[in-house]
Each structure stands twice: as C-alpha cells, then as structure tokens.
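Trainee: Protein chains in written order, with my numbering: chain Z, 1 to 151; chain E, 1 to 151; chain P, 1 to 84; chain B, 1 to 84.
I should point out that these hints are in silico values taken from the structure, not numbers from a laboratory.
A few of these clues could be false.
[What the hints assert, rightly or not] Below, computed lysine-lysine pairings styled on DSSO-like, alpha-carbon distance capped at 27 Å:
1. Z:20 x E:116
2. E:42 x E:116
3. Z:42 x E:20
[Unchecked claim] Covered stretches of chain P (in silico footprint by chain E; criterion: 3 or more residues with CB under 8 Å from a CB of chain E, positions within the stretch not fixed):
4. 1-11
5. 48-55
6. 68-76
This structure is a prediction, so every number in the text was calculated from the model and none was measured.
We treat Cβ as the ideally placed atom computed from N, Cα and C, and that holds for glycine.
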Amino acid sequence: MRVEITDEVIAAEEIVAEIKAGEDGAVCVFDGIVRNNTRGRKTLYLDYEAYREMALEKMRGLADEAVERFGVREVALVHRLGRLVVGETSVLIVVASAHRGAAFEACRWLIDTLKKTVPIWKKEQFVDGAIWADGEPFPDEIAVAGPERQG
Amino acid sequence: MRVEITDEVIAAEEIVAEIKAGEDGAVCVFDGIVRNNTRGRKTLYLDYEAYREMALEKMRGLADEAVERFGVREVALVHRLGRLVVGETSVLIVVASAHRGAAFEACRWLIDTLKKTVPIWKKEQFVDGAIWADGEPFPDEIAVAGPERQG
Amino acid sequence: MRVRVLYFGVLKDAFGRGVEEMELAEGASVADLIAACRGRYAGVREIWDSMAVAVNQEYARAEMVLREGDEVALLPPVSGGFDW
Amino acid sequence: MRVRVLYFGVLKDAFGRGVEEMELAEGASVADLIAACRGRYAGVREIWDSMAVAVNQEYARAEMVLREGDEVALLPPVSGGFDW
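Please model the entire structure based on the sequences and the hints provided.
Mentor: What follows is the structure in structure tokens.
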C-alpha cells in the first residue's frame, strides 16, 4: 500500500511499475490532471491545500477499504499539494488485481470517495481572477448543517 | 487516435504521455498483464494470435465508437501479439477526457467489448501443458449458432 | 465455387493449418461451410456452438450466402472474457 | 475552555488566518462554535450550510460537545467533485 501526500511531481511510471506483481492480471490507473479551463474560463494554475494529517489518514482508510470491499490486491493513492500548472498530475490512483472488474470498480470508488471526503481544496487561478473551486457537498453522514438549518 | 497491433513491448509511458492535452482533466488507463496463474495453475507464458487485419479494423471501430458514445477526447488502444511472459502488458487502453466519469466508462467499455468482439486468442502455456484460453461466448449478434442449434 | 478458409486458435491446431482453399456448391451458406468443416473434425461440440464466422473480415450470420473468392474465417470465442 | 480552530480553503481567506485559539463556554457544541464563527464573517451562506467539521481529525456532528484542547477544523466542501 503506497499512500502519500507530496509537494513534488508525482512519479507515475515508477508508482505503476512498483505496484505490479505476478498474480495481477489487470491494473487500472486514474490520473487526475490540471485542465486548461473550467467551464470555458482559462486556467493558469491551481493551488492545492489540505488539512494534511487528516487527509493522509483518510486516504489510508480509503486504500484499506478499497482492498476489503473490492478484493483487489494492491492500491496506490498519491495526492500532490501546492502550485500545479496545466497538464500536471494532482492525484494518481493505481489499483492492481487479478481481475479487471474489481480493479475498475475500486479505482472509480477511490477517486469518487476521495473527492467527496478527503479534506483537500483547490484554488483556481484564472487569467482574470482566482476562486476556490466549488466543491461537491459533503455526504450527509459528514456534513454539519449550519445552525439555521437545524431549527 | 492511436490504434495498433504490435509484436513488440508496449511502451506504456510513451503512449500515456503522448495522449495528454491541455483540455484533459482525467486520464484512465487499463493495463492488461500476463498473470502468473489461471485458476491456480501456474502459467509460464502466453502466446497471443489474431486475425490481424480484422482485429485492427475492429479496434479502430471501437476507438471511434468510444469517442462518440462517451464524448471522451482521445483514445489509445494497443494490443500485443506473440509470446508474452508473466508481468508483460498484452493490452493497453488509455482514455483522456475533460471529466473522469466518461474516461472510466469509455475505458471499461473498450476492454469489455474488445475482449468479446475483437478476434484475438491466447494459448496458455502451463508447467504441465498448454490450452487455448476459454473465451467468453460471442454476443448474440455475432455468434453463429452451429447447424445443430438451428433446427 | 472456391472460398478461402482461415482457422484460428483451437481450430487452427485441430486442423493442423491456418488456411485452406475449399470447394463449395454454388449458393452454399456460412452454415453449409460450418457443417462441412464440422464433419472433418470430431472436436468438442461447444466450440462449434459458440463460434463466430467472418466473411471478408466482417462478422456474418449463418444464413449468409457465400460467393466465389470470399475469405471465410472460423473464429473460436475470443480470448478470455472471464479470465481477467 | 479553549479550543484550537483551523480554517481551510475559502474560510482561511475569509478569516485572514489558518488557525486561532478560541474561548468557548463549557459544554459548547460544534454547532455553538459554528454560530460564533458565522457571526464574525458575513460570507456566502451556502458555505456554512454545506461545510463539515472535524474534531481532532475526525468528522463530527453538530451536536458533539467540545472539550478543552480540542482541535476543531472548519472544512468547506472538498475540491470539485463535479469538476473532473
């Protein structure tokens, strides 16, 4: 299990090569990269920040859960923080498994769940301003309704 | 679109690097590798053979259809033939897209459809004998029922 | 009429060759060709019941009528959908 | 009692800092802390309605009662589920 938060360029080839073993028949890789636009607005770069200790702990938990839920053999989950330019990898997920179905499902579940539950944010720098990217709302079991919604 | 049947080692890193463009936010890769066993029987190597011209034509068709069906930007689809040892890549699929959902779905559809409809076969060499791998039955629209089933 | 028949995978091993010319009656269909081949090879029945045929590199139905010079490929199920 | 409050993302920019110590009444809950912070920042309501809170690095419910020395993090929705 390789779970990391890093400030450096993610060495994708190395991570993929390292994870493979003789009993694997399928490797599924998700590479999340910085896109040159958001809804047509031109992006210059992104700044990623995290609640670092908690994010790493949550990522470890997701990797363990993926192995248990989908029966895959091995998982790598690496997120980069700091300033990333267009084309760079912000998150890399690699899943190795005997069979492809489990590899795909675990990989998809990992990125979907990571993006909803791991405390990492990105600020997008456009040519004409910067915004914190709209996040997907937290799942109900995590969200804390504001006081006005509780009454 | 990079669609190839090759007798050489598949240069995965090169293919992935080549496919990425500024408008992509997600790259999904499927790497099908030779496993060291099939149902517990130890594998020495696999020999892949194809109805080469037809297989290439079918793969081109699948790549085009993936772009159209899932709205992804770009697809690479490379299959290797000949003798492959444990750990080597037999098929590599790379899908680049603005969004991850389409990338995953196209990648999964490509490998599932390739394995049912592209005329490529593998013979497994075990320590104690060789067999042509059991294939999944052809989809109904492709299968030709034998004469005995027609009456 | 003559057609060119290609064998792949387990069928190639069974027939001991990958290609041959076959003489068929005018109006013979894909099903007729399969029946002729089947008579020459007492292999496992499942292969014949789950195979596909390509005529000139396109999948073809059993009732398709063949023509002089066609390239007919007999295709066992392709490699291992449930294998990985 | 004193707790340590961490701000992230848009909240960090809004408060102009990433961390501060806050004095709360004994028995104060996560909801009480949010109400206090909300009073100090007239930002968009949606953030407060869709955020999460972690106490000592675990997601916590609004009714959870805080204790002296807790690390409480206010977390805006995480990065862009519908973005890629």
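Trainee: What are the numbers of the hints the structure violates, in ascending order?
Mentor: Hint check: nothing fails, all pass.
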